[in-house]
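Chemist: Each chain, letter by letter, is given below.
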Amino acid sequence: MEISFEESLTELEGIADKLELGQLSLDESLLLFEKGIKLVRECNMKLKNARQNVEKLILENGDIKSEPFDAQE
Amino acid sequence: MDFEKKGIYTVHEFTLAVKSTLTTGQFNDVWIRGEISNFTNHSSGHRYFTIKDKNSQLSCIMFKWHGNNLRFEPEQGMKVLVLGDIDVYEQRGVYQLKVREMRLDGVGELYKAYEQLKNKLAMEGLFSPDHKKPLPGFPTKIGVATSPTGAVLHDILTVLKRRYPVNILFIPTLVQGESAAQSIVNSIEALNRTDVDVIILGRGGGSIEDLWAFNEEIVAQAIFKSRIPIISAVGHETDYTICDFVADVRAPTPSAAAEIAVPQRQELANQISRLRDRLIDSEKRCLSDLQSRISELESGVDPRLLLERLTQYMQYIDELAQMQTSGFGRLLEVKQALLDAHAGKLNAISPLGTLSRGYSITLKLPQKTPVRSIADIEISDEISIIVNDGKIKCVVNDKEE
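Protein chains in written order, with this note's numbering: chain A, 24 to 96; chain B, 14 to 414.
For the record, the hints were derived by calculation from the structure and aren't laboratory data. Don't take every hint at face value.
Unchecked claim - Here are the simulated DSS-like cross-link-like pairs (lysine-lysine), alpha carbons at most 25 Å apart as the crow flies:
1. B/154 <-> A/88
2. A/79 <-> B/154
3. A/61 <-> B/297
4. B/67 <-> B/131
5. A/88 <-> B/297
6. B/174 <-> A/88
7. B/381 <-> B/404
8. B/297 <-> A/58
9. B/238 <-> A/79
Throw the hints in and build the complete structure from the sequences for me.
Modeler: This is the structure we're talking about:
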């Protein structure tokens with residue numbers, strides 16, 4: 024399952040903290056850096072691609088169903 | 014006699030006749046305004062009371078099945094409107110109103126009921142901070158329960174779209190009128206069966222009567238029971254409804270609710286770009302630290318540098334040597350001068366000085382003791398006379414005092 028924006032952001036913050044603290048080997052720091060930059064790209068992508076999608080919930084005989092809703096009426 | 018012509022009723026027959034007259038007439042389905050007194054909530058679930066005004070009073074009964082729909086608990090002194098049908102209680106021969114519905118009469122009474130319910134629910138712990146559910150930081154789907162008409166939905170959608178577009182599940186909900194409370198309850202329950210992660214319950218501003226549905230206990234209980242956190246956005250900033258107290262978060266307006274529900278996209282973008290800068294800076298620093306360590310190590314093994322260091326050391330040693338030599342010479346000079354000075358002084362008091370001035374010293378042999386007195390010497394003693402440039406050995410021939 025795709026990780027959420029929130030999880031990505033939390034992970035990214037963790038990586039930034041760790042890198043700032045230093046005390047890493049070159050390999051470790053490069054790996055973390057690479058992962059961090061990948062998360063930055065993913066987060067930005069998620070933000071950029073966020074779209075508003077409105078659905079209408081309908082109750083019918085105790086069942087619920089949804090249908091697209093045009094908010095621009 | 015008249016009564017023989019007319020016939021004689023039993024009490025029961027008469028009562029039934031009265032009842033029949035009353036109940037088939039115009040006294041059904043009437044609204045009556047009055048103040049409650051002698052209120053009894055019987056253990057059977059039926060409520061017995063009187064409504065009165067300045068001049069008259071009317072017995073009332075509200076059966077359990079009608080009372081279930083009551084939206085407040087009647088109290089002594091409350092001004093109410095009751096809807097009911099006239100009836101005669103045969104055993105006691107009294108007429109009474111069978112109340113089917115009761116409403117609070119006037120805004121003042123609404124406020125009283127509001128306070129009453131607020132106190133009751135507060136006592137029951139419905140407003141307790143312990144029960145407040147945290148809002149998700151990044152909701153992916155927001156449930157919106159509000160009227161399909163009116164500005165509220167539009168406001169919420171606009172703000173959400175501007176701040177952070179997400180999926181929205183809108184459920185058309187009655188927010189005013191008789192069925193509003195039930196409609197709100199239905200909407201909350203329906204949204205709890207979906208995957209929304211926060212609910213906005215909204216309504217525009219209005220009078221206390223307009224907002225009344227949001228002050229009803231069934232709505233409060235539905236909000237309390239909701240597994241999904243609810244943001245209450247009812248009325249204007251100054252309107253407080255019971256919903257606002259039960260909800261997990263109260264927003265002053267529907268637009269504010271939308272702002273509370275989602276973070277701002279631009280802020281997030283800024284946050285991410287700050288994080289990216291931190292990553293890059295740290296990594297740069299890490300690399301440049303390593304770089305400088307490497308060049309430090311490298312410079313330690315460079316032959317040119319070794320040679321340079323070597324010549325520096327050599328020069329230093331020369332300098333040391335120089336310093337040592339010059340220091341030694343100077344010391345000698347000082348000592349020599351000191352010696353000369355002391356020697357001069359010594360010379361001045363030495364007997365040898367006396368000799369150089371032409372005197373002599375006589376020593377008695379063989380002890381070589383200086384002869385200071387005539388008594389120190391006998392005739393035939395051998396003596397040695399020391400002069401400036403030599404010694405004269407003599408024998409004493411004679412002595413005189």
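Chemist: Can you list which hints this structure breaks, lowest number first?
Modeler: 4, 5
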